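Student: The residues making up each chain are set out below.
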Amino acid sequence: ETGVTQTPRHLVMGMTNKKSLKCEQHLGHNAMYWYKQSAKKPLELMFVYSLEERVENNSVPSRFSPECPNSSHLFLHLHTLQPEDSALYLCASSQEVLGNYGYTFGSGTRLTVV
Amino acid sequence: DQQVKQNSPSLSVQEGRISILNCDYTNSMFDYFLWYKKYPAEGPTFLISISSIKDKNEDGRFTVFLNKSAKHLSLHIVPSQPGDSAVYFCAASEAGKLIFGQGTTLQVKP
Numbered sequence: 001e002t003g004v005t006q007t008p009r010h011l012v013m014g015m016t017n018k019k020s021l022k023c024e025q026h027l028g029h030n031a032m033y034w035y036k037q038s039a040k041k042p043l044e045l046m047f048v049y050s051l052e053e054r055v056e057n058n059s060v061p062s063r064f065s066p067e068c069p070n071s072s073h074l075f076l077h078l079h080t081l082q083p084e085d086s087a088l089y090l091c092a093s094s095q096e097v098l099g100n101y102g103y104t105f106g107s108g109t110r111l112t113v114v
Numbered sequence: 001d002q003q004v005k006q007n008s009p010s011l012s013v014q015e016g017r018i019s020i021l022n023c024d025y026t027n028s029m030f031d032y033f034l035w036y037k038k039y040p041a042e043g044p045t046f047l048i049s050i051s052s053i054k055d056k057n058e059d060g061r062f063t064v065f066l067n068k069s070a071k072h073l074s075l076h077i078v079p080s081q082p083g084d085s086a087v088y089f090c091a092a093s094e095a096g097k098l099i100f101g102q103g104t105t106l107q108v109k110p
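Top to bottom, those sequences are chains A and B.
When the first sequence is numbered by my numbering, its final residue is 114 and no position is left out of the sequence of numbers.
When the second sequence is numbered by my numbering, its final residue is 110 and no position is left out of the sequence of numbers.
No lab work stands behind these hints: they were computed from the structure.
These numbers come from a predicted model, not from an experiment.
Please note that a few of the clues may not be correct.
[Unchecked claim] 27 Å max Cα-Cα, derived DSSO-like pairs, lysine-lysine:
| no. | chain 1 | residue 1 | chain 2 | residue 2 |
| --- | --- | --- | --- | --- |
| 1 | A | K18 | A | K41 |
| 2 | B | K68 | B | K5 |
| 3 | B | K56 | B | K71 |
| 4 | B | K71 | B | K97 |
| 5 | A | K22 | B | K109 |
| 6 | B | K68 | B | K97 |
| 7 | A | K41 | B | K5 |
| 8 | B | K97 | A | K40 |
| 9 | B | K71 | A | K18 |
| 10 | B | K5 | B | K97 |
| 11 | B | K5 | B | K71 |
| 12 | A | K40 | B | K5 |
| 13 | B | K109 | B | K71 |
| 14 | B | K109 | A | K40 |
| 15 | A | K41 | B | K68 |
| 16 | A | K22 | B | K5 |
| 17 | B | K97 | A | K22 |
| 18 | B | K5 | B | K54 |
| 19 | B | K54 | A | K40 |
All chains, please: the whole structure from these sequences, using the hints.
Tutor: And the structure:
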């Protein structure tokens, strides 16, 4: 496989559930990101990881918990979410952290919280 | 406060004509600007970029223009093709951190 792969593509979860989103990149990139895209809103940067170290956390509620076990994998653990958290969650990677080379995005996970 | 704005949520253009997508920004510290294209059920894909030290960058049918005094950039697609129909996101970078606009949905009619 090549590029950035996200699983699952769709997820429906209740407010008391715990679930995880997975992202995997096969590009040899050193940085990975989580973005949130809500309807009619810009993409919002949530977390930035560089070489498995979190370098940025954009005031994201603690019900979202990222994990980066190695430079190829990124997880977003979800628990006790709210209906307003329903959105498209996009993972991206880049050659170097916050560099000007553009990001490669995955196809996203469409999350619905009921 | 939104630093990158795409004020037109949608644009419809006839095939073969020029598509012009606009983007405004407020932060003069942005040093790089990018355009991404997104099809339904796919992630955004990088299209074209421009450094703040330039005013134009061209790649095939796509040209990006930057007007720093007006804090405005635009993406020109000519000639437009039906396959160009997608959502286009403008993004601006400050030290590599990307800030995105809301996106403009382009529809190119055959």
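Student: Among the hints numbered above, which are violated by the structure, and what are their numbers in rising order?
Tutor: Going through the list in order, the structure violates hints 5, 9, 13, 16 and 19 and respects the others.
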